[in-house]
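S.K.: So you can see what is in the structure, the chains are spelled out below.
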Amino acid sequence: MTLSTGHSAALDFAQPEPPDLSSGKYVKLWQGPQHPGITGNMSLELVLDGDTIVSCKTHVGYLHRGFEKLMERRTFIQNFTVVCRIAVPEPTFNEYLYSHAVEEISGIEVPERAIWLRTMNLEMMRLASFLMWIGGQSGAFGQYTVPNWTLAYRDYVLDLFEEMTGARIYHMYIVPGGVRAGLPDGFEERARKIMKGAEKLLDQIERVMFNNVVFKARSKGLGIITPDMVDPYGIVGPNARACGLARDIRKDEPYLAYDRLDFETISGNEPDAYGRAYLRLQETRQSINLIRQCLDHAPTDGPFQADMPNVLHWKVPAGETYVKAECTRGEYGYYMVTDGSEFVRRVHVRGPSYTHAIAVMERLAVGTNIADIAGLMVSLHTYPPEIER
Amino acid sequence: MNELLERLQRHFDVNNINVLKPGMTTLKIGKDSAEILIRELRDREGYTHLNFITCIDYIEDGIFTLVYMLHNYDSKHTLGVHVDIDREGEEMTSIHTLWAQAWTYQRELREMYGINFPGSPRLDEDFCLEGWDQIPPMRREFDTRAFSEERFGHREGRHSEVPRVHMKMELYPKRGGDEE
Amino acid sequence: MNLRDLLSPFFVWQRAFEKPYTSIRPTIDRPGAPAYRGFHINVSEECVGCGSCHSICQNHAIDMVPVAEFEGRTGDSGLRPRFDYGRCCWCGLCVDICTAASLRMSNEYAWISEDPDEFHFTAGIDDKPWQNNEHGYRRAEGYHLYPPKRIEMEMLSPDVSVQSFEEVARGYSEAQAKLEADRCVECGICVATCPAHMDVPDYIHSIRDGDYEKGLQLMYRTNPFPATCGRICTRRCESVCPVGILGEPVAIRWLKRFIVDQVDAQDYQRILNDQIIESGHRVAIIGAGPGGLSAAYYLRKKGHAVTVFEAGETAGGMLRYGVPSYRLPDADLDKDIAYIVSLGVDIRYNTRIGKDIEFEQLLQDYDAVFLSTGLSVPSNMRIQGEDHARVLSGLQVLADVASGRDPGIGRQVAVIGGGNVAMDAARVSRRLGADVTILYRRRIADMPADAEEIHESQEEGCNIVPQAIPVEITTADNPQQVSIKWGEAEMVQDPKGGRPRPVLQEDRMHTDTYDCIISAIGQGSDLDFLSKENQQQLAIEWGKFTPGEYQQSALQKVFVGGDVANRTADAISAIEDGHHAARGIERLLNPDEFTTTQTDNTGELT
Ligand SMILES: Cc1cc2nc3c(=O)[nH]c(=O)nc-3n(C[C@H](O)[C@H](O)[C@H](O)COP(=O)(O)OP(=O)(O)OC[C@H]3O[C@@H](n4cnc5c(N)ncnc54)[C@H](O)[C@@H]3O)c2cc1C
Ligand code: SF4
Ligand code: SF4
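Chains A, D and B are the protein sequences, given in the same order. Its first residue numbered 1, the first sequence is counted upward by one per residue in the working numbering. Its first residue numbered 1, the second sequence is counted upward by one per residue in the working numbering. Its first residue numbered 1, the third sequence is counted upward by one per residue in the working numbering.
These are calculated hints, taken from the structure and not from any lab test. Glycine included, C-beta positions come from ideal geometry on N, C-alpha and C. Hints should not be assumed to be uniformly reliable.
[What the hints assert, rightly or not] Simulated pairs of lysine to aspartate or glutamate, DMTMM-like, Cα-Cα distance not exceeding 25 Å:
(1) Lys544/B x Asp526/B
(2) Lys315/A x Glu186/B
(3) Lys196/A x Glu18/B
(4) Lys19/B x Glu163/A
(5) Lys31/D x Glu141/D
[What the hints assert, rightly or not] Quick list of simulated restraints, FRET-style, between CB atoms:
(6) Gly153/D x Ala68/B: 28 to 36 Å
(7) Asn15/D x Gly302/A: 42 to 50 Å
(8) Ser379/B x Thr300/A: 55 to 63 Å
(9) Pro158/B x Glu112/A: 35 to 43 Å
(10) Ser157/B x Glu3/D: 50 to 58 Å
(11) Gly302/A x Ser157/B: 29 to 37 Å
Modelling step: build the complete structure from the supplied sequences, incorporating the hints.
M.R.: So this is what it looks like as structure tokens:
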């Protein structure tokens, strides 16, 4: 496949003409906001011709809590407890990027041990998130065995989070300056055991879900993303890698300990729902491998927090930065502007779903049929809260 | 990098070039040439990726600074294009023809800051807010606390004392600094 | 279609023989991980009610409330955190910031009640089943939300400092002061403990803001001797600073000094902007020590004509004649005094009440009198031979040095005592070139002197001999010398639980010879200038006054303060006595203004 990702005049972003609903030819159907096939509270306004979708509009707002605004009103330390809520299944990317942005602007050097613990934390997050996603993808095509397995197994990973961070979901572990604690006794052993189990589970899933005639029939050819769509649509992460682009921020612009980890960017050549799913399966395995490497290398003593000012009246110097990390869905970023006061001037949170769930989804949905919408949506791996912030 | 900046300076009225870190630079350009610059960056300079569009409210200066964050995958360089517009009612050229997700950002900025992008599709459709009747909430003058005090009740029986004041009342009511 | 894809999914059945992930058990009995962020625990005896938990909580989930079990006292506001679980997000920031590490979280996470008000509770006070849970989130060792260590003050090295009377503590740079000021958690617990109740968190805040003029104004609200106190204050405030519980207390004294050092004396008038409207009342003050001058300042601000009678030839009292200049340079003391004088305070030097003017006269001529004559008579050691010519008093040696006279101590000196006067006498002797031995009855840890003073005197080469009880002074062979017989002491536990007592060991006696012995075991008052009748009227006991409210003595017109009237005998107490007496005198002179506020417990008087 030749990879022309450049912008070409051929791509037309114009909004399709709205179908004439009064013609009696169409049915309008709302999928969501409460729907098992929706990846969170979000809704799609679908217009059907028979069971073929002729137009799709994404509606968000059900999870809008005004985080970016809230952050302008809270102190730098207080914000770290807020940001994790911006992507429920992957809170730690928010914790890391928020902290990293603050550290970068204030010139705080995070100690080595914290760097490794952060890296491991983020990879554990990827593992947990992908496990949930795999279940979602399988479930979206009506196969409920795998979700039972993966969601249950994700809880084992959450057990690890609970031990490491004191919480299962909103970990609040990565904090400006470092992390909040070292690893508890015996953590490594338990983590390795859970990694081993996860590997076995992934093998089973490969046999049951991927080598599966029904799954293949439903996912192959669905939601094809061509390389020439990637940049014009701002597509990132596995959605971009599945069509052959070897782009991964962990490798291309390494942060934390990634430049010291042994791994390769995984890219595929099947740019459809199946190909993306298979790519994610491999990335889940890769994540297990990276967690093991972190367990091997993370220092077990030494400081895990930089010398910090008194956070009660911490003023961060005026500055600006954009920091990003590769989350399960691609480029996750924090743009931060500070003005020298005790409060941040502006934070913009950039989540991949912003385009994947709206511009991309609205385009890919057209021409598919109603039964495939849920599967398509999951295959883009979107989290509504990061759209709305 | 320097070559690029030189080139840009030669052809455009860019200023305030600010190297934030290796791999990231910001610059400022006047509102009217912004769209052409961004198009140029996308088509000729390899900045094919739009990371995001956002806005910073400098209420004290009466301006909104729009930020277009662009990325070049080959040089691994990120360029932030800043454009100042008047806070009160100034419009900005839409770039919805340049990236498919741009209109979504513009629709959000419309809702959250009240900025108009003429021609941008579905600009006035509700984005996150449904039935919002206040000023656009991301504007600095929108007071979240006042809003929530007005909308939501307080729990009964909450009362907090300030340690220092409490101690003064209890231990040395007649001493200490005299209030003027 | 490929056959493998058709068969492979049936692999699912293999799982039927594996251990299931789920198991049936009551959901409640799974304990949270050992570091789980569950319900709050507060060890309320350790909590000091600083309110830092309240300050940091972004959800306003914590109120600081009075509880029956604790009252406000030194170092404890008596308030305790009360949680509103309708707002808490279990972030644990409150635990991280807790200055006393009293606040923790248990690993308990299940709590069911039909009454929503139950979820509003005072941790550690309201009985909760998890209060004693061993497990749960604690702030990790090595994790801090404020710097636990203070910014070191630069000091002259001991080998340099003993060469001269140059000030030892060099003062903070602006950057250092800002870093140190940053450590304050602004709880204000110190304010209650400071005898003058200075607005400590506020002036520290002014340092963070770089607004030193504001800082100066704040300090003068309660203390017209900031340059002095910024150097030699006994800093009780620091002993209760909650930051000191897990780390080192904020260097409040050095920060005070920093502010004063930033402001030029010439600018005081403009910054403090004390407007004086003459009241027509006349007040006499006896003694130009910190007590007398503090009263003078606050009385003058009220417009009263103030005359200070001072026996000596300069102002400052013991700060001038006692405290050595390497701790408090004259220029800094003068900076404080000059401003007070500039408001029109009339000081009559070389005027001893009882000699040059009678006390009765003052009672007749003035509307009120404030008396703060200090402690000037060295206490006796009460051992044989102590009237030997080579036994000098610490006060005398210090006064000589302060006045530029040679105290004639010689080269080998023994200092008797363990208080600050002893340390000062010892360190001054070192500066005069003597070898110094300090004999003290108890252990070093029991010494009443400031620990820093003890440490510095040792660094400067003073040899401290603890548990050494002087027994007798005898004449030495050389008439220029003197011998001291002293015995070693054993510390004996007090059966009643008091502090251990030194008991002389008769079999371990020593006799040493010195060029002089400096006795510095305490000082008493000299109130002979008052007639017997006055003394009776003023209800003096053991050479001390027992003032009533507003420092008023038994004589309505006479107010007393400073070392002669308090038990703490330090500058800041004298300053507060003077300020408080000024409030009392104001009430006496303008009673009408207070009739309405008589019962007002805010007690704002002036
Ligand atoms: C060696 C030494 C070191 C000290 N170090 C410290 C320290 O580091 N920190 C600290 O806080 N405190 C220290 N103190 C204590 C502190 O100096 C006193 O607590 C403080 O000076 C008391 O103030 P005052 O106004 O009560 O009396 P004083 O300062 O003693 O002043 C009394 C004044 O009254 C005058 N006077 C007495 N009788 C008469 C009379 N009849 N007529 C007219 N005038 C009279 C005296 O000449 C004197 O000037 C130290 C004291 C000494 C002796
Ligand atoms: S845990 Fe967090 S939200 Fe709860 S009371 Fe403490 S600081 Fe507030
Ligand atoms: S921070 Fe700790 S010591 Fe201070 S009030 Fe809260 S619980 Fe008590």
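S.K.: Evaluate each hint against the coordinates.
M.R.: Comparing the hints with the structure gives:
1. Lys544/B x Asp526/B: Holds - the C-alpha atoms of aspartate 526/B and lysine 544/B are around 10 Å apart, at most 25 Å.
2. Lys315/A x Glu186/B: With Cα atoms ~16 Å apart, lysine 315/A and glutamate 186/B stay inside 25 Å; holds.
3. Lys196/A x Glu18/B: Satisfied, since the Cα-Cα distance of roughly 15 Å is no more than 25 Å.
4. Lys19/B x Glu163/A: Roughly 23 Å between the alpha carbons, so the hint for lysine 19/B and glutamate 163/A holds.
5. Lys31/D x Glu141/D: holds (24 Å)
6. Gly153/D x Ala68/B: 28 to 36 Å: With Cβ atoms ~29 Å apart, the hint holds.
7. Asn15/D x Gly302/A: 42 to 50 Å: Hint holds: Cβ distance 45 Å, inside 42 to 50 Å.
8. Ser379/B x Thr300/A: 55 to 63 Å: holds (60 Å)
9. Pro158/B x Glu112/A: 35 to 43 Å: holds (38 Å)
10. Ser157/B x Glu3/D: 50 to 58 Å: holds (56 Å)
11. Gly302/A x Ser157/B: 29 to 37 Å: holds (33 Å)
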